[in-house]
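**Student:** Read top to bottom, the protein sequences are chains A and B. Under my numbering, the first sequence has 96 at position 96, and the numbering climbs by one with no breaks. Under my numbering, the second sequence has 2 at position 2, and the numbering climbs by one with no breaks.
By construction, these hints were calculated from the structure, which means they are not laboratory data. Accuracy of the hints is not assured; some may be wrong.
As the list claims (entries may be wrong) - One side of the interface only, derived from the structure: several residues of chain A facing chain B at Cβ under 10 Å:
(1) 23
(2) 80
(3) 114
(4) 118
(5) 140
(6) 141
(7) 144
(8) 175
(9) 184
(10) 189
(11) 193
Unchecked claim - Covered stretches of chain B, as calculated for chain A (at least 3 residues, CB under 8 Å):
(12) 264 to 274
(13) 441 to 454
By construction, the Cβ of each residue, glycine as well, lies at the ideal position given by its N, Cα and C atoms.
One-letter residues, chain by chain:
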Amino acid sequence: MNRENYWASQTFWKKCAIWVTAVMFVILIFLTFDSVSKITAGTERVPEYSVINKKVFYKYSEARDILVPEICCEAPLFGKKLSNDEAADLIDLGKLTIQAKNCMNCHTLLGNGAYYAPDLTKAWLDQGWINESIRENLMVDFLLDPEANARSFGTNRKMPNLDLTEDEAKAVVAYLKWMSAIDTNGFPAWFKPIYQEEE
Amino acid sequence: MAFANLNLGQKVSVKYFIGAMVLFIAQMVFGLLAGIQFIQPEFLYQILDFNVTRMVHINAMIIWLLFGFLGSVYWLVEDESGTSLVGYKLANIGFWVLSIAVTIVVLVYLFVQVGSGTQASLWLINEGREYIEAPRWADIGIVLVMLAFFYNIAATFMKGKWSGISGVLVLDLLALAGIYLAGMFYSPNISMDQFWWWWVVHLWVEATWEVLVACIMAWGLMKTINARREIVTTWLYVEVALMFGSGILGLGHHYFWIGTPEYWLTIGGFFSALEPVPLVAMLVHAVYDTGTKNLKVSNHPAFAWFIAHVFGNFLGAGVWGFFQTLPQINLYTHGTQWSASHGHLAFFGAYVTINVAMFYMAIQKIRGGQIFGSALVNKYRWKTSLALLNIGAMGMTIALLVAGYQQAFIERAVEGSTWSGFFEAQTNLTFIASMNWRLLFGVLMTIGTFVLAWDLLTIGKTNDSKNTT
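Could you build the full structure based on these sequences and the hints that come with them?
**Tutor:** Printed below as a string of structure tokens:
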């Protein structure tokens with residue numbers, strides 16, 4: 001291969017392949033360190049697990065032009081305020097249950113999963129739970145007997161009974177509450193939350 | 001079948017190809033069941049629910065494609081290295097360990113289905129994470145088999161000779177095996193979970209798998225149309241540079257909405273918009289090689305599937321991915337049937353096609369190396385399966401795209417992504433019609449798969465044995 005055609009030579013492209021791959025990978029590693037530090041529970045974007053003791057709601061951010069989660073006053077789940085460790089244990093059980101019951105192959109979580117059933121990212125804030133005072137109990141009832149309490153809005157698509165225990169159902173509700181407090185850059189788009197009483 | 005003329009690697013390869021074909025049929029059958037459930041939700045309700053049928057559908061796909069890749073690499077390793085496989089026994093043990101593990105995993109999926117909210121369920125039944133649902137014990141098995149496979153391939157090249165293709169291939173296999181480790185841990189934090197989960201899913205299907213098929217394609221073009229090694233190797237390097245140059249940070253398009261920082265909107269949007277570029281390069285490469293040589297194709301079905309791969313990869317992974325890769329659009333399309341539309345055509349176009357091409361390369365040699373050309377008896381069979389599978393995949397993709405449009409408009413833009421908005425979209429008449437069309441095209445694909453299996457079992461059996469390459 002003569003010098004004029006160096007750009008089209010095997011040697012040139014071999015070097016390109018090696019350097020481009022190496023540089024991109026190094027950048028990814030740096031970004032990964034940064035991102036991991038910013039999505040650890042207890043940071044600004046991903047709240048600590050004890051957020052389930054608080055009220056989670058949605059507010060428009062003018063600066064970002066999206067709806068963002070807001071966390072305020074005390075609102076303990078099932079009327080009981082939990083310590084950080086108790087909250088972490090409950091969230092852990094919720095996540096294990098969500099994985100073991102294979103929720104992700106019907107639903108999406110943070111938009112990832114299957115498209116047979118509704119997205120669960122902001123399920124805690126969904127209007128289907130009517131109002132904040134009855135929401136958590138409605139959710140537990142639904143999870144314990146989804147067939148009898150089907151919420152399929154006129155379709156025949158019903159969630160199967162996955163034999164959750166009451167503890168597991170409560171933990172899943174806690175998980176959904178915690179997940180709704182994650183800052184997802186405005187996903188899902190322009191979500192219309194449950195009626196929120198002014199504090 | 002005449003296996004006597006196969007080398008050791010190719011003997012292992014045939015086992016992998018048979019396993020792949022069986023799982024391909026399973027993927028189709030469970031895809032049909034899931035497609036029916038979309039239209040008739042009562043179908044198999046509480047017996048084999050959608051989460052099970054869909055899980056088996058996508059897992060069978062991942063595993064059969066992996067079987068196909070392993071088979072393809074075993075097929076070409078002795079030819080490319082100029083020496084015999086170093087660990088024939090090891091390769092056979094790897095095949096049987098993987099096959100038995102897959103069988104047990106599928107039986108547990110079907111008969112146990114779900115467990116209680118404990119670590120034991122994740123270790124023994126199902127991890128509940130899309131695409132990598134295999135329980136942890138099976139993960140460990142997969143990694144061990146992959147390590148044995150990697151050793152076998154790398155050691156064979158070390159014993160024989162290296163080439164540009166084998167160099168890229170071996171490094172890519174190392175990355176492919178290493179990346180799988182990123183998915184093998186549990187975190188209660190879903191943002192962390194999905195962050196690493198995408199390392200596996202994206203860096204497999206949008207980076208390392210693409211480079212792997214580029215290696216197979218480079219070898220395949222030399223074999224089917226006698227393309228020059230220097231040209232295919234140079235193109236391979238071009239593709240690696242472009243693929244990893246765009247695909248590694250293209251990972252960012254999965255980090256728009258999972259709690260990760262906002263800079264991913266810019267990085268992910270920019271680099272993933274570049275991801276179609278290597279696929280265009282592949283298309284140009286194949287067309288160039290085909291057009292400028294004095295073309296003599298020794299294996300028509302394999303070559304047709306290589307061409308289907310090039311176009312399918314460009315359309316499914318490239319164009320369909322690009323449709324929704326910018327965050328401004330993805331905000332409305334993420335998690336809707338748009339993703340399903342892209343997923344179906346991308347997996348089919350990029351990976352099913354090239355595996356089928358390799359099946360035909362293999363069967364040609366098994367049938368004594370005869371020319372699979374215009375003199376082939378019953379050539380309508382391979383043409384029928386090619387047509388049914390491609391028309392089915394494309395039709396399904398268009399149907400799902402129409403459904404995705406409805407969902408993005410109704411559920412997302414109008415209804416603000418509520419549960420009632422979700423069902424509003426699902427009951428929209430156009431959405432329902434699209435899901436019916438999807439099922440119809442799925443039936444075509446399934447018939448195509450059976451015709452393919454029939455063709456592979458019979459092709460070349462009645463030809464003149466003197467008609468050899």
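**Student:** Under a C-beta cut-off of less than 8 Å, do 3 or more residues of the segment 441 to 454 of chain B approach chain A closely enough to confirm the stated coverage?
**Tutor:** Result for this restraint: violated, n = 0.
**Student:** Does residue 193 of chain A pass the interface check with chain B, least Cβ-Cβ distance below 10 Å?
**Tutor:** holds, 9 Å
**Student:** Given residue 141 of chain A as an interface hint, is its Cβ closer than 10 Å to any Cβ of chain B?
**Tutor:** This hint is violated: residue 141 of chain A lies away from chain B, its Cβ roughly 16 Å from the closest one there, beyond 10 Å.
**Student:** Grab the minimum C-beta distance from residue 140 of chain A to chain B and call the hint holds if it beats 10 Å, violated otherwise.
**Tutor:** This interface hint is violated because 14 Å lies over the 10 Å limit.
**Student:** Take the shortest C-beta to C-beta distance between residue 114 of chain A and chain B; is it under 10 Å?
**Tutor:** holds, 5 Å
**Student:** Return the status of the interface hint for residue 80 of chain A: holds when the least beta-carbon distance to chain B is below 10 Å, violated otherwise.
**Tutor:** Residue 80 of chain A check fails; min Cβ-Cβ to chain B is 20 Å, beyond 10 Å.
**Student:** Under 10 Å is the threshold here; is the Cβ of residue 23 of chain A close enough to any Cβ of chain B for the hint to stand?
**Tutor:** Given a least distance of 9 Å, the restraint on residue 23 of chain A holds.
**Student:** Residue 189 of chain A was flagged as interface toward chain B. Is the shortest Cβ-Cβ separation under 10 Å?
**Tutor:** Where the cut-off is 10 Å and the nearest Cβ of chain B is about 5 Å from residue 189 of chain A, the hint holds.
**Student:** Quick one, is the residue 118 of chain A hint okay against chain B at 10 Å, beta carbons?
**Tutor:** This hint holds: residue 118 of chain A lies near chain B, its Cβ roughly 4 Å from the closest one there, short of 10 Å.
**Student:** With a cut-off of 10 Å, does the beta carbon of residue 184 of chain A approach a beta carbon of chain B closely enough for the hint to hold?
**Tutor:** holds, 5 Å
**Student:** Quick check: the segment 264 to 274 of chain B, covered by chain A? Criterion 3+ residues, Cβ under 8 Å.
**Tutor:** Holds: 3 residues of the segment 264 to 274 of chain B have a Cβ under 8 Å from chain A.
**Student:** Closer than 10 Å between Cβ atoms is the bar; does residue 175 of chain A clear it against chain B? Give me holds or violated.
**Tutor:** OK, holds: residue 175 of chain A within 10 Å of chain B, min 8 Å.
Of the hints listed earlier, those the structure fails to meet are numbers 2, 5, 6, 7, 13, in rising order.
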